[in-house]
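> Sequence:
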Amino acid sequence: GFNKAKAPIPQITAADLDASYAVNVRAPILLAREALRDMAARRSGHIVNVLSSIVHVKMENYAIYTAMKHALHGFTGCLIKEARAAGVKVTAVYPGGVNTTFRPQPRPDYLRPESAARMIVACITAPEDVVVHELTFRPMVETNF
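Quick note on numbering: the working numbering labels position 98 of the sequence shown as 88, and the sequence is numbered without any gaps.
Please keep in mind that the hints were generated in silico from the structure rather than gathered at the bench. Predicted, not measured: the structure shown is a model, and the values here were computed from it. Some hints could be false.
[Claimed, not checked] Straight-line C-alpha distance at most 20 Å; calculated SDA-like pairs for lysine to any residue: (1) K71 / E132; (2) K48 / D119; (3) K48 / G64; (4) K(-4) / F92; (5) K(-4) / G35; (6) K(-4) / Q95; (7) K(-4) / H60; (8) K71 / T90; (9) K(-4) / K71; (10) K71 / P96; (11) K(-4) / T90; (12) K(-4) / R97; (13) K71 / D28; (14) K48 / I2; (15) K(-4) / V45; (16) K(-4) / T91; (17) K48 / T91; (18) K71 / N39; (19) K71 / D119; (20) K48 / V122; (21) K71 / V122.
[Said to hold, decoys possible] Between beta-carbon pairs, the in silico distance windows are: (22) H46 / A107: 35 to 45 Å; (23) K(-4) / D28: 13 to 23 Å; (24) N134 / A4: 21 to 31 Å; (25) H60 / A5: 14 to 24 Å; (26) R23 / N134: 14 to 24 Å.
C-beta atoms are modelled at their ideal positions from N, C-alpha and C, and glycine is treated no differently.
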């Protein structure tokens, strides 16, 4: 996710809020809407929304990111119910720290992107009669929960 505005609440700007909303809430909702339209017509498919384990914890200076991921969490819960009726699976993924280029400094102690991808692939390749609605995973070093 996009988390540019790591700041105390009094320092949050409207621009920070708008940018985070556009990437972390608006875009995934619009993409899911389009995917659901197509998949529902075929009565088949799987939508994966990548959220963050921040939904399960509270951290100082992460108010915007936390709020946006909570918004997507709420949307995804509704999507799960609506998509089920159309024969479409939905999974909400809550990864902990992943060592990506989104971070200003490398974090080799965090999850490798390939590890996170393998967890998601496991959800979408589950047996036909199985749907994983929520998946939370973290690196072994993460202790903020």
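> If a hint holds in the structure, say so; if it doesn't, say that too.
For each hint, the structure was consulted:
1. K71 / E132: violated, 31 Å
2. K48 / D119: violated, 35 Å
3. K48 / G64: holds, 17 Å
4. K(-4) / F92: At roughly 13 Å apart (the allowed maximum being 20 Å), F92 and K(-4) satisfy the hint.
5. K(-4) / G35: Answer violated: K(-4) to G35 is near 36 Å, above 20 Å.
6. K(-4) / Q95: Roughly 15 Å separates the two Cα atoms, so the pair holds.
7. K(-4) / H60: Roughly 16 Å separates the two Cα atoms, so the pair holds.
8. K71 / T90: Between K71 and T90 the Cα gap is close to 32 Å, so the pair fails against 20 Å, i.e. violated.
9. K(-4) / K71: Not OK: K(-4) and K71 at ~33 Å, beyond 20 Å, violated.
10. K71 / P96: violated, 38 Å
11. K(-4) / T90: Holds - the C-alpha atoms of T90 and K(-4) are around 17 Å apart, at most 20 Å.
12. K(-4) / R97: The given pair, whose Cα atoms are some 17 Å apart, holds under the 20 Å limit.
13. K71 / D28: Holds - the C-alpha atoms of D28 and K71 are around 17 Å apart, at most 20 Å.
14. K48 / I2: holds, 17 Å
15. K(-4) / V45: holds, 16 Å
16. K(-4) / T91: holds, 16 Å
17. K48 / T91: It is violated: about 23 Å lies between the C-alpha atoms, which goes past 20 Å.
18. K71 / N39: Distance ~14 Å between K71 and N39 Cα, so the pair holds.
19. K71 / D119: holds, 16 Å
20. K48 / V122: Distance ~25 Å between K48 and V122 Cα, so the pair is violated.
21. K71 / V122: holds, 13 Å
22. H46 / A107: 35 to 45 Å: Given about 21 Å between the Cβ atoms, the range is violated.
23. K(-4) / D28: 13 to 23 Å: violated, 36 Å
24. N134 / A4: 21 to 31 Å: holds, 28 Å
25. H60 / A5: 14 to 24 Å: holds, 20 Å
26. R23 / N134: 14 to 24 Å: Distance hint for R23, N134 is violated at roughly 33 Å.
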